[in-house]
Amino acid sequence: AHLCDLIPSLQMQTVTLIPGDGIGPEISSAVVKIFEAAKAPVCWEERNVTAIKGPGGRWMIPPDAKESMDRSKIGLKGPLKTPIAAGHPSMNLLLRKTFDLYANVRPCISIEGYKTPYTDVNLVTIRENTEGEYSGIEHVIVEGVVQSIKLITEDASRRIAEYAFEYARNNQRSSVTAVHKANIMRMSDGLFLRKCREVAETYKDIKFTEMYLDTVCLNMVQDPTQFDVLVMPNLYGDILSDLCAGLIGGLGVTPSGNIGANGVAIFESVHGTAPDIAGLDLANPTALLLSAVMMLRHMGHHEHATRIQTACFDTIRDKKVLTGDLGGSSKCSEFTADICHRIQDLD
Amino acid sequence: MMARSVCSLSGTLKLALSNQLTRVYGAAPQRYKSTYITIPPPARYGGRHTVTLIPGDGIGPELANHVCELFRFCCVPVDFEVVNVDSSMASEDDIDNAIMAIRRNGVALKGNIETNHNLPPSYKSRNNLLRTTLDLYANVMHCQSLPGVRTRHRNVDIVIIRENTEGEYSSLEHENVTGVVECLKIITKAKSLRIADYAFRTARAKGRRLVTAVHKANIMKLGDGLFLECCKEVASGYPEITFDSMIVDNTTMQLVCRPEQFDVMVMPNLYGNVVSNVCAGLVGGPGLVPGANYGEDYAVFETGTRNTGKSIANSNTANPTAMLLASCLLLDHLKLHAYASMIRRAVLSILTETQLHTADLGGKGSTSEVVQSVMNAVQSTGPQTLSI
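Protein sequences appear in the order of chains C and G.
Note that my numbering has the first sequence beginning at 1, numbered continuously upward.
Note that my numbering has the second sequence beginning at 1, numbered continuously upward.
Keep in mind the hints are simulated off the structure, nothing from the lab.
Since the structure is predicted, the reported quantities are computational estimates derived from the model, not experimental observations.
Don't take every hint at face value.
[Said to hold, decoys possible] Cβ-Cβ distance ranges computed for the label pairs, FRET-style: (1) C:201 with G:232: 45 to 51 Å; (2) G:119 with C:306: 44 to 50 Å; (3) G:313 with C:272: 43 to 49 Å; (4) G:313 with C:324: 47 to 53 Å; (5) G:341 with C:215: 28 to 34 Å; (6) G:204 with C:70: 54 to 60 Å; (7) C:29 with G:148: 51 to 57 Å; (8) G:376 with C:272: 51 to 57 Å; (9) G:204 with C:155: 48 to 54 Å; (10) G:206 with C:53: 40 to 46 Å; (11) G:376 with C:201: 50 to 56 Å; (12) C:54 with G:206: 53 to 59 Å; (13) G:359 with C:143: 51 to 57 Å; (14) C:207 with G:232: 27 to 33 Å.
C-beta atoms are modelled at their ideal positions from N, C-alpha and C, and glycine is treated no differently.
Build out the structure end to end from the sequences listed, making use of the hints.
Written as structure tokens, this is what we have:
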């Protein structure tokens, strides 16, 4: 029996917490502390994710982690390391396959206290995460000639387009732009585009535009304020989401969410495990915290989300207790404590 | 007398021997003509070159006119053979004529030809057809921060060398099952070696210290893995140049954070598209950067980011800088260096000193005003020009 089920009046929702490797555990505990201070209605269920060989020889995640996620439907994940030559695919890939995480969502919003050459960035990249150029289908035709297959299917394209418009509607976004290269890849990106257009018909309240990938890149580095929600296939999404993360300050401050079939959603920090500073209380929990805020919004707890986000941004803007990567010299615990105090003051 | 004739004899011998040197790189020895020490196309009819001019769509025609005007004004010994390509025609006759004209003249200046991506796949991109048929395998774009243009990043000086004929632009797609489309990305050892060699030769010629290969070999292990291997192989023959590689998503992030770290970048087709557009945006936009496409036998010059500029066509607001600088690259290719420097100097002085900017740079100047100022600048530096 779980704590959340024992006291139903608390109305707490279970979330599967995967601390991860390297700095994962410390930033996860920072987020748990901050959520406690904000009295967010979240009950954490910690699980570890490692690759184990299941029956039949296929690699899979531990069954208790899978069971927890299937039950709670919401997950928060820290960075996972992929050891080289371990024989198993990357953990992120395993999670993606297990829960059919088809949409990768990254809201990129300029952080007021963390200055970059780009201000007023406020856009969301929604990337199809299961097919496209990353299908992993490659062949050597003859010696010295390799073909990689980019797969675009009607179902996946429709699904991601529907999610993009649904997201735009739920988050009060006014426009969705499909990013493509249909002038060159006529059939594949053409199919993607057609599906986006079809879905746009059913969402007349959202403005739909199409733009070539190169034009988006060109305009993004000159004036990112013209973009709102961007939806695109896998490779373009990979490139553009990292480009936008660079605009607001890098992977250390960028939140990310993965939406799967059957209502599963896993929110994660996209930076690495930083083994060189692991365990030294130097890590910056901002990325994981902002992903957790995204998770709260996804769950519908908007006031808690706003409170935590405001506290976090205020701390960064104040510049008194910044971690090393943000330009300061404070510890992770000090940074976390400052945010907790602010949240309690905000109440 | 004896000494002089001996010198000239050894000189002739050296020339004869060097013509027989085969360029050997990679595993397979092949005969390649060095492309950047190209012998220019033969001048005809009294020292004047004939260059194919393809106006294209959108802002192409007006910019092509300005180039013609400027060349006529500066008395540049170039005659343009204009070939119009109508992008709305389904037949490929127009583009075939253009290709034939380029084969005839050896060099071309072109505007971007529009591709309507709602047409069925049988209608191929005309620009892509031109590039692949003429085997213009290297697309070179030099992005540098200009003093008169205000941008967020300073000290950007990147040469982007992009493989121009294969990769994701192979236009090989099929739908075996309804609703499932496969698009083939082809990477070959021969073309990867060729573009890598081009990149290192260019780096060496320009005195550059670092070549970065951009790839996604952690995911596309065979395809981009092959590209990376070829780059490493070629790099071993250029010990004075540092070779580095970077994954494409990290590259775009680094470009917007710290573009100063990059020097020469070499990459397959699609990543080249992304990176060159990001770099063009970093230095001030599509109106400023010229691009060049080099093959074994032909060279085609155009604006770097290949935009048609449909929305600003015929409004006299387009920035002519990119096209004018592309025409300077053309003149350099034809070994008319004096004219090239003269025009380039004038264009850059208008941009940086007089601050006459077009709308894309935040100014109020019109295209014709900018071109007129360039002509004035050229006249004031003294060489013989037509009267204004």
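Do the hints match the structure? See the list:
no., hint, verdict
1, C:201 with G:232: 45 to 51 Å, "holds (50 Å)"
2, G:119 with C:306: 44 to 50 Å, "holds (48 Å)"
3, G:313 with C:272: 43 to 49 Å, "holds (47 Å)"
4, G:313 with C:324: 47 to 53 Å, "holds (51 Å)"
5, G:341 with C:215: 28 to 34 Å, "holds (33 Å)"
6, G:204 with C:70: 54 to 60 Å, "holds (58 Å)"
7, C:29 with G:148: 51 to 57 Å, "holds (52 Å)"
8, G:376 with C:272: 51 to 57 Å, "holds (56 Å)"
9, G:204 with C:155: 48 to 54 Å, "holds (50 Å)"
10, G:206 with C:53: 40 to 46 Å, "violated (53 Å)"
11, G:376 with C:201: 50 to 56 Å, "holds (54 Å)"
12, C:54 with G:206: 53 to 59 Å, "holds (55 Å)"
13, G:359 with C:143: 51 to 57 Å, "holds (53 Å)"
14, C:207 with G:232: 27 to 33 Å, "violated (47 Å)"
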